[in-house]
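One letter stands for each residue in the lines below.
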Amino acid sequence: MRILIAGGRSRTDYLIESLMKSGNSVVAVNGNRPWCEYLSSRHDAAVVYGDATKRYVLDDADIEGFDLVIAMCDNDADNLVVCDMARRYFGIDHAVCTVYNPRNVAVFKKLGISSAISATYMVSRLIEQASMEAMGGHD
Amino acid sequence: MGIISIKTAIVIGCGALGLSAANMLSDAKFEVTAIDKDPSAFAGLDIGFGGQTVIADGSDIAALEAHGLADASLVFASTDADSTNYLIARIASDIFGVGRVFARIEDEDLASMLEEGTAQAICPHKLCVNELRQLAGIR
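One line per chain: the protein sequences are A and B, in this order. Each position in the first sequence, counted from 1, maps to that position plus 5 in this note's numbering. Each position in the second sequence, counted from 1, maps to that position plus 2 in this note's numbering.
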């Protein structure tokens, strides 16, 4: 698959490595210049410095017809814009949109984002599950 | 006589633009709710402003919903962030079906994407340049 990763910090480093190991090609767009330099020194991926919510930056990234966009910006609204821009202007229909506010998961799905995930929500579910297991089913 | 209909308006983001809009809507007999995360922003409302003020983050959808977003007859998203205004406008129009939704959007690609739905974008720099062109007599 050809994948656009927009925004994000340390999480992107591991994600790019993992996606490329499984045979995907990755383009990363990031608004932090030192982080872009770090990413491009570590990975054989194209790295574009710029604001991923801008069409002209995505133009530079040459992502027309990619299979998937993964939006990992710090701001939920920016991630919605990235996913909508990718679909409207670059024909990328599949999106994984990370959100900070767990309530936005349902909202983003209603707005047509194919997959919205909240780390806060997932981690709290896992902690809850692990707590139940640690208690061995006792209350 | 006829049924008295109460027109309600929500203005999110009270910078110079949002404040003027809130004052104008209040003058036009709308019941206005002005929302900003910074309470000092409300100092710019007219003495005659008859609406209410709410301290909340414009990107917190639950807070907007709690203050009547779904039932508003007019919504104006006028924060200083394009993405936030886009998110608010999409939610108001696409999820809650608010009839008259307006968003301040500087980015023209984002503005035209928003206008593919029922919400309308207002682009301040474009309006200013048109005014400049007219005032300067440039054709």
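The set of hints was computed from the structure by calculation and includes no laboratory data. Any given hint could be a false lead.
Calculated lysine to any residue pairs in the SDA-like style (CA-CA distance at most 20 angstroms, straight line) [to be verified]:
(1) A:K115 with B:K128
(2) B:K128 with A:Y61
(3) A:K114 with B:K128
Take a look, some chain B residues computed to stay more than 12 angstroms from chain A by CB distance [stated by the list, open to error]:
(4) S22
(5) D40
(6) D48
(7) D59
(8) T81
(9) T86
(10) Y88
(11) L134
(12) G139
Glycine included, C-beta positions come from ideal geometry on N, C-alpha and C.
Now the hints, each set against the structure:
no., hint, in the structure
1, A:K115 with B:K128, "31 angstroms, violated"
2, B:K128 with A:Y61, "18 angstroms, holds"
3, A:K114 with B:K128, "32 angstroms, violated"
4, S22, "23 angstroms, holds"
5, D40, "18 angstroms, holds"
6, D48, "30 angstroms, holds"
7, D59, "10 angstroms, violated"
8, T81, "9 angstroms, violated"
9, T86, "5 angstroms, violated"
10, Y88, "6 angstroms, violated"
11, L134, "23 angstroms, holds"
12, G139, "31 angstroms, holds"
Violated hints for the displayed structure, listed by number in ascending order: 1, 3, 7, 8, 9 and 10.
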